[in-house]
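Chains as they are written, first to last, in my numbering: chain A, 58 to 355; chain B, 31 to 435; chain C, 4 to 316.
In case anyone wonders, no lab produced these hints; they're calculated from the structure.
Even for Gly, the Cβ is constructed at its ideal location relative to N, Cα and C.
Check before you lean on any hint, since a few could be wrong.
Incomplete in silico selection of chain C near chain B, CB under 7 Å [said to hold, decoys possible]: (1) Tyr33; (2) Gly138; (3) Gly141; (4) His143; (5) Gly144; (6) Asp189; (7) Arg193; (8) Asp227; (9) Ser229; (10) Phe231; (11) Asp233; (12) Thr270; (13) Ser273; (14) Phe275; (15) Asp277.
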Amino acid sequence: MDIISFICSPGVLCQVLVGLSRTVILFIVASGLSLILGVLRIPNIAHGSLYMIGAFMAFTVSKVFGGGITGYWMAVLLAPIIVAALSFIAERAIFCRLYEREHIMLFLLTFAFALIFGDLVKLVWGAEYRTVSMPRFFQGSIPIFGLPFPIYNFFLLIMGPLVAIVLWLIVNKTKMGKISRAAAVDREMVGAVGINVSLVFATVFVIGCYLAGLGGALVAPIVNVTLGMDHTLIIEAFLIVIMGGLGNIWGALLGALIFGLSQSLGILIWPQFGIIFPYAAVIVVLSFRPTGLLRSTW
Amino acid sequence: MKRLLLLLSFGLLGLVLVVASSHAANTIKVGIVDTYSGPPASYSQDVVDGFKMARDKINAKGGVLGRKIEYTTRDEKFKPDVGLAMAKELVMKENVDILAGTINSATALAISDFVKKEKIPFFVSNAKSERITGQMGHRYVFSTNENTAMAGKAAAVVLAKMPFTKYWIAGDDYEFGHAIGDGVWNNLKALKPSVQLLGQTWWKVGETDFTPYITAIVAAKPDFIIVATGGSGMVNFQKAAKATGLAEKIPFYQHTANEITIGQALGMDAPEGVYGTANYLFYYPATPANKAFAAEFKKLYGRYPKMTALYGYITAEFIARGFQKAGSMNKEKFIDAVEGMVLDDTPVGKIEMRKCDHQVTLPMFWGVTKKSPEYKDFLISSDLVTIPASEYMPTCEQVLKARGK
Amino acid sequence: MGARKSIVALVIILAILAIAPLGLPRFYTYLIALIVTTGLLSTSLNFVLGFGGIYQFHHAVFYGAGAYGAAIMISKLGYSGWLGFVVGPLVAAALSFVIGLICVRLSKLYYGMLQISLGSLVWAIVYRWYGFTGGDDGIHGIPMPELVGSPLGAYYFTLIVGGLSLLVMHRILNSPFGSTLQGIRDNAVRSQAVGVNVRRHQLAAVVIAGFFGGVAGVLFVVVDNSVFPDMMFWTLSLEITIMALLGGWLTFLGPMLGAAVTVSLRTFVSGFTDYWTLILGILLVLVILFLPEGLLGYVFEVWKRRTSESAEE
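Turn these sequences into a full structure, and let the hints steer you where they fit.
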């Protein structure tokens, strides 16, 4: 039982806790992906690119407002909105014409956008590494289990459930959410009662993309903002979404938790192949529950 | 149907018959394959700009053997299959005389295998695998930059003289990370047997948040941490080191931590007191040659040269002087000329292209990051120690042994 | 397009390609070999995607498995090249059987997303297992049997093996198995109702496609003598899907045409700009919007319309 006492040591617990705060970012991005998948049935590969654009936007916005705490809050506020606006244009111009097509077409279309966005980011921001400076307010750490725990990660740990609750309220308590849930189940029926389905879809798409941008803006202060940051993230987000059940927000949260935990514990237990643990978790989950842990909207 | 078949066949024929081979007689043509998109692009652009700067100067003086040096670049996008196809295109279609480039070790090794068969000289300008000029080295491949084993040994040379005894190794869990980590540790252990390794931490490549690992390392209370990260991992680790206050508690080392690519990315948020090694710093040594190089680069491109600018610059110099000395465009004679060639006046002083393994002998600068009154945008490296190439490069015997000769 | 006509087309194209090296600079023979390799990969993907209706999102993993299977047999274990060439596709087929077995119970998008994750897992292992697979550096300078050691030998080997593979896949698609597979694609419920074992047919299709993906991987080893983990990274899978779509994913030779266009264009465009991905992305959007049947599909459609018009006259 060495492993158990090892896992329960303060160092490891602290490590797991920080791992979870990183999971929050994954959750925020994945919940957007899940929303779009659940209602619009688009496996949005470009979601990772929007996350990247969110981070780059956060860099620019923060710079415009002179860095510091104002810059940071403006970045968190504005960057996702800009990303959402961008996605709105893409949705109205192109995606909305293709909802009747095969999934594979939509899937490839989002890949096309991932390619285009990737090069556009390079055109606009160049290839240099960028960083967003951590506002003074969030610098430093507080002791947890006797070890330093960065304040920003603490902030992220609070943000995760907050975003989940707000999303849940939107999906379950607003009229908009109820219509979109109905549209996910039976598109024609919703159209038949005189609701503009196309507009509902656009709104859901934009909210989903907003979440990708929000994830990017929130992650910006702790990482190096760089081209290619979308590539690993998008696969991770996909894993989380299928694990949790397509279109289920709580599923995304659960999936993100499993993903984050299996990853941080995996690295502790078997460093060389720690990378395979999250994948293994997905295989196990899907072997027992082929449509994900929680009820999918499909 | 028949018409369609006809159309298809003609289309195919037309496609394959578009022959557009161009080779102006009076040029020396260099093909550069490198990654100009994605995170590595930050390094690759300076290779080309350094190369171009040297090239322009050489051409302004009338070129070499009455020929101008011409170059063309290809973006491999960090994909070895694409990079290899591009190298083949450059050799077979563009008829380049020399190949250069790439930050991607897999691409460099693949191209190296190709040029061995084609007998085209290939200058590896930024790939760090020690196998390129070590185990897999051969007559046609040259390296104008350091490799992981060399970087590791360089750090060990200095660390052995420092008082730290309890070490921890952490890094990106892939070849580059392990090679640097092993390089430092094995050499350090050999130079100073009293050191002890408390533990190791390896995270996946592309890890963005290092805080959990740092907290675990801090708990073990080592004297010194060897951090073997590459590229964007460097930036992320330093951010986490700053956020957790690691930089003030336990000193740590990262290869190229004191170099401006990382410095500029972090800006003034970078932690002070981080140890690093780099082949080139534009402000040190403050020799006339280096000052002139940095000033000229800044004037041309509006920014300070990174270490990769030096790699590109000396690549062009070796190519130009190689052909000059060979006195002809014969590639075998060119290789004979470049083998053992000494450049006296580079920004980092006298360097040599070693005959035995085709590895350039660059000095390594060890230093610690610090704020400077002179530069307001990034931290510079202070307390600099110059490690001469002879102290950190593998000996010719070692290289030949690795090659199994 | 009838079976015989497809074969006639294939044979004519192969005949032209067979004499091509006589008058062609050697770069173009290399380019053709590369196109045939990539095209075979894309065709094998389309075998399950276009004809089987199975969302195989990460097909490149079998390309990599075939290539690594051959490379490890030859370079690490020291077997002869020919044996490696046989083992490679078998490894790919075995891998696709395992992955297929796990995924095939799921429908459409779930299948695709689980398949992409499992494929990424294989990639991660290959990328990390330095001692066995060469890690991120890959394996280089793989020794080739003398017959295919020269570029010309490699070219003809690629042409012959590629051509044969296409013929075999074509035969399979026109066999009773092939019609059943396409029947499942068009209406799985009905196929089930008439007593077809849908899952078993789909699994068989996946294994066949994996095998030929592995053959393409072997061809890459023959042409380029190298393997790298990037050969099984998910972006490549999407690129070959684009090729299939561009050429026409409901036609047999469409993916080959798509590969020819994409690979040539990439080679041509890279000489001028670093923004190849941007161009590819825009091209893809245009194809999805205006040519959903792909280039070849469009040509057939126009041709069909014309012949039916002339028949009416």
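Verification of the hints:
no., hint, in the structure
1, Tyr33, "holds (6 Å)"
2, Gly138, "holds (5 Å)"
3, Gly141, "holds (5 Å)"
4, His143, "holds (5 Å)"
5, Gly144, "holds (4 Å)"
6, Asp189, "violated (25 Å)"
7, Arg193, "violated (32 Å)"
8, Asp227, "holds (6 Å)"
9, Ser229, "holds (4 Å)"
10, Phe231, "holds (4 Å)"
11, Asp233, "holds (5 Å)"
12, Thr270, "holds (6 Å)"
13, Ser273, "holds (5 Å)"
14, Phe275, "violated (10 Å)"
15, Asp277, "holds (4 Å)"
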